[in-house]
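K.L.:
What follows is the residue order along each chain.
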Amino acid sequence: MADDVLYTVEAGVPQNPIEDLLRMDRIPHIWCPGCGIGSTVNCFIRGLQASGLDLDKVAVVSGIGCTGRVAGYLKLDSFHTTHGRAIPFATGLKLANPELKVVVYSGDGDLIAIGGNHFIHAARRNMDMTVILINNMIYGMTGGQVAPTTPISATASTMPHGNYEPAFNLPHLAESCGAVYVARWTTFHVRHIIKSVKEALLKKGFSFIEIFASCPTLYSRRNKLGDGLDQMIYFQENSEIKNGADTKSVGVDFQGKIIVGKFVDIERPVYHEAMYGHLKEKYGEEYMPSDEIKEFISGQNGD
Amino acid sequence: MQDESGVLTGAHFIDGDHACSEGAIAAGCRFVAGYPITPSTEVVERIAERFPFVGGVFIQMEDEIASSIAIQGAVWAGKKAMTVTSGPGFSLMMEHIGYAAMTETPCVFVNVQRAGPSTGLPTMPAQGDMMQARWGSHGDYGIIALCPNSPQECFDFTIKAFNLAEQFRVPVMLMMDECVGHMIERVVIPPPNEIKVFKRRYYRGKKKDFLPFKPEKDLVPPMIKAGDGYRFHVTGLTHDEKGYPSMTVGTQAKLVTRLSDKLKVNEDKIIEYREDGVESAELIVITYGITSRTAIPAIEQARKEGMKIGHLRLITAWPFPAKRIHELASKVKAFVVPELNLGQMVYEVERHAGSGVKVEPVSHAGGTVHDPKEIYTAIHRLMKG
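Note that the protein sequences, when read in sequence, are chains G and S.
Position one of the first sequence corresponds to residue 0 (numbering that gives the first Met the number 0), numbered consecutively onward.
Position one of the second sequence corresponds to residue 0 (numbering that gives the first Met the number 0), numbered consecutively onward.
In short, the hints are calculated from the structure, not lab data.
Cβ coordinates follow ideal geometry from the N, Cα and C atoms, glycine included.
Any given hint could turn out to be false.
Stated by the list, open to error - Chain S side only, calculated, beta carbon under 8 Å to chain G, not exhaustive:
{"#": "1", "residue": "29"}
{"#": "2", "residue": "51"}
{"#": "3", "residue": "60"}
{"#": "4", "residue": "61"}
{"#": "5", "residue": "135"}
{"#": "6", "residue": "235"}
{"#": "7", "residue": "319"}
Stated by the list, open to error - For lysine to any residue, the following SDA-like pairs were computed, each having C-alpha atoms within a straight-line distance of at most 20 Å:
{"#": "8", "chain 1": "G", "residue 1": "74", "chain 2": "S", "residue 2": "209"}
{"#": "9", "chain 1": "G", "residue 1": "74", "chain 2": "S", "residue 2": "205"}
{"#": "10", "chain 1": "S", "residue 1": "213", "chain 2": "G", "residue 2": "24"}
{"#": "11", "chain 1": "G", "residue 1": "203", "chain 2": "G", "residue 2": "37"}
{"#": "12", "chain 1": "G", "residue 1": "56", "chain 2": "S", "residue 2": "222"}
{"#": "13", "chain 1": "S", "residue 1": "207", "chain 2": "G", "residue 2": "203"}
{"#": "14", "chain 1": "S", "residue 1": "241", "chain 2": "G", "residue 2": "26"}
{"#": "15", "chain 1": "G", "residue 1": "74", "chain 2": "S", "residue 2": "244"}
Looking at chain G on its own, in the form it has when it is part of the complex (with noise of 0.2 Å):
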């Protein structure tokens, strides 16, 4: 008997170290055997804790979906808003408060068909915010139904002929409106995740990663390739490491080649800085910023 027991849990003792900054309480969380929003989370957390930002000042806000969910994972500031408008909703926290440090972590259907709008308008406009976006190439909890990022010949249930609409290249999206930092991995990339997190967490302005992840249930099943493992060693097989590499050329056929990589890591004025030095330049004294803009901006200026 003794020899089953692969690990003992002492109640009330924190076991893992990322347990600390998830609802305990919460867990066991919705998502399907196999799946791999977890795996990301995990991720995430350990690049949050790597970044050393002071936890009690990190908001995340989520969209509606399987990874929706995430926010409501997590113990820190968090906001399961509605879907597709978790950019806005943290457009709106950002600008009234600076110093909170704002995550966006949503799913592919979400940030990128109903919520597309605000994806590039935020990086337009280089809005402090680090984006982090779950690519399953379907619609999970609905049910399987096709998204912009299903690939050509993969099958959906509202696409059960196959799809035939071009999927988006998101991190060439994202470049083309103005990211300045744009990251892609799978989840067999645990390391590489966590280390982009950590960057684009330091990052100041729109920062982007992208993170292919299974969903067994309703995409693999339905493509009849395989269970969660089998999307791993895909993922293992056939994702190649191209930092710097041109976005127009990291476009991804089913179960074709996923370059994996840092792509992008430019400067741009951020939204709220560039408000404060336009008026402060053109008003000087007579520009009153928000008490949160003004210590926030000062503070960072060293002044």
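For chain G, the structure is supplied; the task is to place chain S on it using the hints.
P.N.:
For chain S alone, kept in the frame of chain G given last:
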């Protein structure tokens, strides 16, 4: 000259849209997100002009959907916030009115109504969004809606809208219309110390195991904000007092009933109407917004001819003064309800008046205001007919 708090104390000659902007500033609103739409745009234009000098942040978002949720993000970071729109934009905001109701996010939605449906008459008035304001988002919830009839009231009621939003943690609608929005009149802005501003109630208790959605006696929970170390969760899903999703029949009943009841039990503190000559009246004209002004010549004419006519003007269209209408219904022979729509609030009057009294709408499809003769004709027919 504004004082430190941004209040433009003094007498001004401005339109309702601009007065609304000043009301928001006086109420302590320091975050506005909006999207251009006639006839409301002047509100955000003035906000954009003024905010850099009063410590506010204005952002023109990519659409009304974004505006109506950006303000809620700002509220959870500690700001008082509003968005401003008209018909088509108001339609786009409906989901977020529901989100504000469900998450108890205090915020203000200004709707400068124009004639619809759809694009309708962008530059012309109507009161066609009254039911949408109350019922537009899916599910059961309560909201407050105020109806100003002058630029002065656009100033006063914007402040009132913020105060009510804070006090009851509900979305509050300021139901203006193109006529009130673009009408220019004298607006007196009092000194800041004479302006009653409700300060947000914050929870200040322990951080461990606290219940952010546990209501106080008035059924309203105190607020918290991001960055204060509470590590709270907010969701539009049915949630328990901890704020955690709890999708059970029991939690749904408890939460949704409270969201509706918190306005019902506090109704007497919220409902406001103005009465003129109702006690001795045989017929009462029930109005709100701009219609409360177009009805006056009709009422005066009828009184001059010896008819006993009362005037009840709704300040809060929602919650509706059901008890008062019911009470008055036993004393008069008819209610006349002129509206710049084909009949909306008149349903509410009918519902509470009961069957013993005649309720007559004076409908108008919008685009301009009533000719007072139309209202007079209805009064005359019911009194003499």
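K.L.:
Work down the list of hints and note, for each, if the structure agrees.
P.N.:
Okay, the hints, checked on the actual structure:
| no. | hint | result |
| --- | --- | --- |
| 1 | 29 | holds (6 Å) |
| 2 | 51 | holds (5 Å) |
| 3 | 60 | holds (6 Å) |
| 4 | 61 | holds (4 Å) |
| 5 | 135 | violated (15 Å) |
| 6 | 235 | holds (6 Å) |
| 7 | 319 | violated (28 Å) |
| 8 | G:74 / S:209 | holds (14 Å) |
| 9 | G:74 / S:205 | holds (16 Å) |
| 10 | S:213 / G:24 | holds (18 Å) |
| 11 | G:203 / G:37 | violated (26 Å) |
| 12 | G:56 / S:222 | holds (17 Å) |
| 13 | S:207 / G:203 | violated (32 Å) |
| 14 | S:241 / G:26 | holds (15 Å) |
| 15 | G:74 / S:244 | holds (14 Å) |
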